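Asks: Chains as they are written, first to last, in the working numbering: chain V, 2 to 343; chain Z, 549 to 971.
Don't read these hints as lab results, they were simulated from the structure.
Do not rely on the hints blindly, as some may be mistaken.
Derived Cβ-Cβ restraints for the label pairs, each shown as a range [to be verified]:
1. Z:D951 <-> V:L246: 51 to 59 Å
2. Z:D900 <-> V:G131: 55 to 63 Å
3. Z:D721 <-> V:G131: 36 to 44 Å
4. Z:L886 <-> V:L182: 30 to 38 Å
5. Z:Q968 <-> V:I61: 30 to 38 Å
6. V:L182 <-> Z:A823: 28 to 36 Å
7. V:L56 <-> Z:N583: 48 to 56 Å
8. V:I230 <-> Z:T608: 22 to 30 Å
Some but not every residue of chain V turned toward chain Z, in silico, with C-beta under 7 Å [said to hold, decoys possible]:
9. M75
10. S77
11. G284
12. A300
All values reported here derive from a predicted model rather than from experimental measurement.
For each residue, glycine too, the CB sits at the ideal point set by N, CA and C.
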Amino acid sequence: MAVRTTPLQRANALAGRGVQGLYALVMNAVGFVVEPIQRVIGQRNMAYLFLLPNLLVFGIFILFPMALNVYFAMTSGTALYPQDRNFVGMANFERLYTCTDYANPNTCLEDRFWRAARNTGVFVAFQVSGMVAISLLTAMVLNRKIRGLGFFRSVFFYPVLLSPVVVALIWKWILQRDGVLNAILISFGQDPINFLLNGTWAMTWVIIVSIWANMGFYTLILLAGLQSIPVELYDAGAIDGTSTLQSFRHITMPLLMPTMMVVLVLSLIRAVQMFDEVFVLTGGGPGSATMLLVQYIYATGFGTQNPRFGMAAAASVTLGAVLLVATLLQLRIGRGSERHLA
Amino acid sequence: MSPRFSLAALFTAALLLGTAFSQVELRMTWYDDGNEGQVMRELLDRFEAENPDVRIVMDTVPYSSGILQSLPLQLASGDAADMVRVTNLGGLSEYWLDMSPHLSDPDYWETNFGPFLDWMRPAGSTAIPGFMTQLTVTGPFINRTLFDQAGIDVPTGDTTWQEWAEVTRAVADATGTPFAMVMDRTGHRLAGPAISQGASFFGEDGHATIDDEGMRTMMQLMIDWHADGTMHPDTWIGSAGTYVAGNEFFINAQVVLYMSGSWQVGQFANLIGDAFDWEVIPNPCGPMACTGMPGGAGVVGVANTDHPAEVARVMEFLTQEDVMAEFYGRTLFIPGHLGLAESGIDFQTDVDAARDALSVFASEVPRLDPTAYAMQAYPFNFVVFDSIRDRLTQAFVGELTLDEVLERAQADIDEVLREQGIR
Numbered sequence: 002m003a004v005r006t007t008p009l010q011r012a013n014a015l016a017g018r019g020v021q022g023l024y025a026l027v028m029n030a031v032g033f034v035v036e037p038i039q040r041v042i043g044q045r046n047m048a049y050l051f052l053l054p055n056l057l058v059f060g061i062f063i064l065f066p067m068a069l070n071v072y073f074a075m076t077s078g079t080a081l082y083p084q085d086r087n088f089v090g091m092a093n094f095e096r097l098y099t100c101t102d103y104a105n106p107n108t109c110l111e112d113r114f115w116r117a118a119r120n121t122g123v124f125v126a127f128q129v130s131g132m133v134a135i136s137l138l139t140a141m142v143l144n145r146k147i148r149g150l151g152f153f154r155s156v157f158f159y160p161v162l163l164s165p166v167v168v169a170l171i172w173k174w175i176l177q178r179d180g181v182l183n184a185i186l187i188s189f190g191q192d193p194i195n196f197l198l199n200g201t202w203a204m205t206w207v208i209i210v211s212i213w214a215n216m217g218f219y220t221l222i223l224l225a226g227l228q229s230i231p232v233e234l235y236d237a238g239a240i241d242g243t244s245t246l247q248s249f250r251h252i253t254m255p256l257l258m259p260t261m262m263v264v265l266v267l268s269l270i271r272a273v274q275m276f277d278e279v280f281v282l283t284g285g286g287p288g289s290a291t292m293l294l295v296q297y298i299y300a301t302g303f304g305t306q307n308p309r310f311g312m313a314a315a316a317s318v319t320l321g322a323v324l325l326v327a328t329l330l331q332l333r334i335g336r337g338s339e340r341h342l343a
Numbered sequence: 549m550s551p552r553f554s555l556a557a558l559f560t561a562a563l564l565l566g567t568a569f570s571q572v573e574l575r576m577t578w579y580d581d582g583n584e585g586q587v588m589r590e591l592l593d594r595f596e597a598e599n600p601d602v603r604i605v606m607d608t609v610p611y612s613s614g615i616l617q618s619l620p621l622q623l624a625s626g627d628a629a630d631m632v633r634v635t636n637l638g639g640l641s642e643y644w645l646d647m648s649p650h651l652s653d654p655d656y657w658e659t660n661f662g663p664f665l666d667w668m669r670p671a672g673s674t675a676i677p678g679f680m681t682q683l684t685v686t687g688p689f690i691n692r693t694l695f696d697q698a699g700i701d702v703p704t705g706d707t708t709w710q711e712w713a714e715v716t717r718a719v720a721d722a723t724g725t726p727f728a729m730v731m732d733r734t735g736h737r738l739a740g741p742a743i744s745q746g747a748s749f750f751g752e753d754g755h756a757t758i759d760d761e762g763m764r765t766m767m768q769l770m771i772d773w774h775a776d777g778t779m780h781p782d783t784w785i786g787s788a789g790t791y792v793a794g795n796e797f798f799i800n801a802q803v804v805l806y807m808s809g810s811w812q813v814g815q816f817a818n819l820i821g822d823a824f825d826w827e828v829i830p831n832p833c834g835p836m837a838c839t840g841m842p843g844g845a846g847v848v849g850v851a852n853t854d855h856p857a858e859v860a861r862v863m864e865f866l867t868q869e870d871v872m873a874e875f876y877g878r879t880l881f882i883p884g885h886l887g888l889a890e891s892g893i894d895f896q897t898d899v900d901a902a903r904d905a906l907s908v909f910a911s912e913v914p915r916l917d918p919t920a921y922a923m924q925a926y927p928f929n930f931v932v933f934d935s936i937r938d939r940l941t942q943a944f945v946g947e948l949t950l951d952e953v954l955e956r957a958q959a960d961i962d963e964v965l966r967e968q969g970i971r
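Take these sequences, add in the hints, and give me the full structure.
Replies: This is the structure:
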C-alpha cells in the first residue's frame, strides 16, 4: 500500500536531504584539506592544528602585549615605540620598590604607587569580603520560596547591566555636596557631610558603590550553586535534628565551596582591576585617598602630558604578578578544601 | 529621459566623482571654551567653498581628557589629526609641522606671530608650526552684585591676595554665599600669585626648581584657605590628577571671586550676561609683583600629516587679517596677532561687562612679570604645573606637609626631566 505524504512532510524531507547534502559537501571540503595534513602530522597532533587559530589570537592579543609590557618595564624615555626607547634593565623596578618603610608611603621614591597599593589592599579586603558575604546572604534569601522571587532576582541583577560610568555618575549625584543624600540629611535637620571630600568617607562609598554595582552577578552564581545542593541532604539533616546554623555550616558551606572559590577568584580579580567606577566617582581623590593601582598605572602612563611608560609598565607587571600569586593561592586553598570534602 | 539629459547627468556625476576622489580630507582636533568652535567651523566652511579640493573635519573633544590626556599619546603614536588646537605649545613641539616651505609669505608669520612662534618651537628652531587662536592672561573675576548686596566696597589699587581673601570672606558671610573664592585646578593659575609672592621657578641650570620662599608663601596661603573654607574645595580637593575649571561655581554665584583667565569672558558673556554684575579685577599683589600668567592656545599643524601643503593653505586662510579679526571679534579672545593687537579688535558683544573685562585683561599684559613669561615659554611647564597641582592637593587633605609637597613636587619634576635625559 502506498504511503500518502502531506506537502509539509514532503517539504521537510526535501529540506532534510538539502541539509544532508550541504553537510556532506562541507565535510568533503574539510576532508579534502584536513586528510592530507593528518596523513603527514598524524592523528594525535591534529588537536594542536585545531587549537592553532585560537592560540594565534591569544598570542597576538594577549601574550605578545604582555611580553612587550615586560620589555617596556625595562626601558625609559618618552618615546612610544619599543625600538626608540632606552633599555635600563631593572631600574624602574628598583625605583618602584625603594622605600625605607613600606608601611609609610612617604618614605618611598614612588610614594603614589605605594599609596595606591595600600588603597588597593584596603579596597580589595573590604570589597571582596563584603561582596561575597552580601551576595551569599542575598542568594540564600532568593533561594527560599518567597513571594515576588523573579522580581527580586531582577532587582539585584539590574545594576550589573548598567555601565560602570553610569553607576558612578548616579552615585556621584547622590553623594556630592549638594547631592540627594545631603538633601535628605538637611531635611532631617542634620549637617551635610562631604562624602567625596573626606578620604575615609570616599573610600567607604567607593566600596559600597562597587558592591552594589557588582553583587547581582555573584549572587546569581551563588544561587546556582545553592540550587545544585540536593534537598535530600537538608531533609536528612532535619531528621537528625540539625539547627539552621548547623545545616549551613556542615551542608551548605562545604558543598558551596567550589562555587565560592569561583566567586572569590572572580571578585578578587575584578576588585584588583577596579578602575572605571572609582575614576568617575572620585577621580582617585580626595588627594590620593581612593587612587587604586590601575589608576596609578593609567595616570603614570597615559593621564599626563609627560607619560612615564616604563614606570607604568613596571607597576603593571608588579600588579600582574601579585594577581597571579593571589589567584594561585586561592585555587590551591580551594582545591585543598575540595579534597577535604571528598 | 532624453539622451542629452542623460549625457549631462553622466557628465555632472563624473565631475562630482572626480572632485570627491581628488578631495583631500584634513582633520582638526579642537576643544571649546565658548563659541569658538562654531566660529571656526563657519570660517572653515568659507575656506572649503573657495577650495573645493580640501575638506576639513573638526573633531571637538573635551579639553581635559581629549587635549591634555589623549592627544600626547596620539601624537606619539602618529595617529593625531592634521591640525590640533593645544595649550601645551612648547612641551609637544617635537610633533609640530614646520609649514615654512609651504607658506607663500613666511615673513608675514614672523612679523605677526613672531614672539608666540617661539612658544611652539623646539629650542633653537626657526620652524613655523601654527598660530595663536588667542592670547590669554590669568586674573580674578568677581561677582560685584554680591559686594553690593553685602554693602562692602570692592577694593581698589594695589591690593594683596590676603586682603582679597579677607574681603571676599566678609562678602560671602554677609550674603550667605557658600564660599569666598575658587581657583581653577591647575598649577598655571597658581603660578601668577606665586610669582607675585616671589617664586622664581628656575634653578641655576635653567630648569624648574620650585622650593623658595615665594612658592612656600603661596602654597601655605592655599593650604590655609582650603582649611578655613575660604576656597571652594570641590575643584582642588574633589578631583585628582586632572585639570578642573571652577567656572560653574562662579556662573551659579556660589563664590565671590574666581581665579581664572581671559578665555572665560566669552562664556560668561553668554551664560551670565547681565544676570548679575561681574567684572575682572587687576591681579592682586605680593611683595614681588602683581602678576598673572600669560598663556594661550594655538592651532598647529602636525608633522605626521600626509598633506602638509594643504594644512599650510588652511592656516594661511585662517591667518589672513580680516579672518583673524572676525575670529577674535566674535569669540571675544585677546588677539594673538601683533598687527591686530595694535590696530584693535571690534569685539562683537552687547554685554558691557565682557568689553570691560577684556579691557582689564589687556591692561594686565604690561604688568606681567618676566618670570611669568619665562615660565610660559618653558617647554616643561606642564610638568611643573601638574606636579604642583597634585602634590598641593595632597597637602589640603593632610597626606603631605608643605615641606613634603615641595620635596615631592621637585622629585616629580626631576624624574620627568631625567626621563627626558635633561637632569
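Asks: Checked against the structure, which of the hints given earlier come out wrong?
Replies: 4, 8, 9
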